[in-house]
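So the chains spell out like this:
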Amino acid sequence: MKDGGLSIELRVAGWFLGPALSVVLIFQLMPAGAAFLLSLTDFDLYTFAAPDTLRIVGLRNYQMLLQDGRFWLALRNTLYFVGLGGVLTLGLSLGTALWLNQRFVRFRALLRTVYFAPVVTTLVAVAIVWRYIYHARYGLLNQGLQLLGLEPVDWLGDPRWALPSLVLMAVWKNYGYSLLIFMAALQAVPEELYDAARIDGADLWQQFRHVTLPTLRPVVLLTGLVTANGYFQVFAEPYVMTGGGPLDATLTMVLLLYDQGFRWWRLGYAAALAFVLFVLMLLLSAVLLRLQREAQR
Amino acid sequence: MCDRLRKLIQLKGWPLILLGWLILGGCGREDARERLVFWVFGREGEQVRPLIEAFELEHPDLRVDLQQIPWSAAYERLLTAYVGGQLPDVAQMGNSWLARFAELHALEDLGTWIREADLDTTDFFEGVWMANRIDGCLYGLPWYVDTRVIFYRTDLLRRAGYERMPTTWSEWSRLMHRLVAPPVGARYALWLLPDWSSLVIFGMQNDAPLLGARGAYGNFRDERFRRAFRFYLSLFGARLVPLSSTTQLGSVYQEFARGQLVLFISGPWSVGELRDRLPDSLQNRWATAPLPGPEGPGLSLAGGASLVIFRGSRHPEATRKLIRFLTRPDVQLRFYELTGDLPVRRSVWQLPPLRDDRQIDGFREQLARIRPLPTIPEWEAIAARIHYYAEAAKRGLLSPEEALTMLDREVDLLLDKRRRWISAGEYHPAAHD
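Each protein sequence line maps, in turn, to chains A and B. Numbering-wise (numbering that gives the first Met the number 0), the first sequence opens with residue 0 and increments by one. Numbering-wise (numbering that gives the first Met the number 0), the second sequence opens with residue 0 and increments by one.
A portion of the hints provided could be inaccurate.
Quick partial rundown of chain A residues pointing at chain B, CB under 8 Å, derived from the structure [what the hints assert, rightly or not]:
id, residue
1, Asp43
2, Tyr45
3, Phe47
4, Ala48
5, Gly148
6, Leu246
Derived coverage of chain B by chain A (criterion: at least 3 residues anywhere in the stretch with Cβ under 8 Å from a Cβ of chain A; other residues may be distant) [as the list claims (entries may be wrong)]:
id, stretch
7, 51–61
8, 194–207
9, 358–364
Don't read these hints as lab results, they were simulated from the structure. Remember, it's a predicted structure, so these values are computed and weren't measured experimentally. Idealized CB from N, CA, C, for every residue including glycine.
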């Protein structure tokens, strides 16, 4: 009786979970597995012409990756993007959300739309505008600098400035999304907590530090996770704006992967790169999820 | 930047193409003509339609389905079509891609047909013809040719005491130093395209082999290439060429018009640009000249595009008619008028308006001295690395020695598989049919 009940439960659960599990299996696990197998071979342009020349090279692609200066550069640039971009996005969106949440702010709906608009605008359109802003001679930014009597900067052409310039653009484009989440979360903070804090004599900073932040913590971590994962896969911004240059200063992991895989058709090598990226993102997500779980406890 | 914008603008053409396709699809139902699929890329794709109409008039039994594809998507489209067995009958193909598709064994060898057909092959510029020959096979019929020459301001050169462009590096160098000094006082003497082309051309002019035996190794440390590299870097060192073309120079054509820039190395498209952009008062004050070389008139590269027939095509006769038609002198001339692309046949250059156009004399002379790039599939990946190390060296991040050593090492890695196959003697594309 007991056994039969369990098996019925299992069967029912199986029917409910089945569709979702098979989707995960077919569209996520199997391609990931295939990519891993591909990364153990030297599949490239020659293999298209003569499939029988495909060789299993074991971990040689990974070994080559570790010796490839461009890989380390791309990793560094990507981490830079995740770090700086993530912190800026979270900070800015949280700050803006707090401001918009104040009762004295008017036109809140309009402002919300304005901040969210870049998120839903196609990147190519955004890129055109930002290329004008960053233009070394006629750009808005440099004309501003000139008014202040400063030397113009070649934002996208100078290896030192190109990456921060892209981060800035990406933050502008993406932070409306986390802003929206933060605004929703702020609405959910019980007003009584603030009342109580005020009665205890807490100033604005203390209210933020001890009421707002603890309540928002799970949301901040979740948004952080989404943002970090997004920036880990940053591709379109450097692809459209700089093509990875100057001097590979804006080369990111996914851009390198695209280069190797779809421009030079070194698919085995590109698959190894994809797998490394996958593992890195998995690690990052695991850390952030663990933090979130501890926060909820 | 201009390039990207242009690509974006081209995207706007898609609704029109779609509409055209719907209309054509609507009326083509009862068509009994033999159907050819022809893929054309970028600007040529937009302009070639009248030629196709003329072809269909001449051959009432044939119909050509013209498909326009933006350059940015072309290579991937071709490769995915190859993998999926959906290649067209005929396509335009950039010279630098030929080797890759030949390696895939996707292209028809035209050698036998050309030998038997009464086509005067000596009428084609030799350099561009050679770019289509790989391992003794002929994989394409040249369609238009692209090379690099010098554009210069005739009035400013005269002010510096020169009647015409010098032909040797040393003279050229001396001229450039004069151009940035009074009385001309230009901000920069020369501008180079921000890519690998100028450096590779200087190397070819010095007879540098670029690659080692059978294209299996990088050979950029060769003394002949080193010499070219030193010359290239010296232009930046002496501030004759702007280091970063965006901050230090607004628009090349604008600065050229202002006299802040006197020479630049560029391709055929710049002829049209100058004619569109320069004020009338300057229109007779610019000219083109072939590139100087280390000891005398120098080489330039044989770029451009060819017409290829894919092996899967079931219309051998019709496809040959089409590509022959497109390379016929009168059609080539019409093509030049439509696109500004330079004809590949000498005889076309004898016809007006090309014959009487003094401003493109530089191209006329240069085309007799062009040389193809290495015809191996990995070339574009190698070229990207050349550009990278040239950038690093001219910005002083690497010494010239370090840059070339690292370049060779990376090219060796890129050619790893090729080398392994050659040494094992097991690889030959034809063996895998």
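**Request:** Mind listing which of the numbered hints don't hold for this structure, in increasing order?
**Result:** Those not satisfied are hints 5, 7, 8 and 9.
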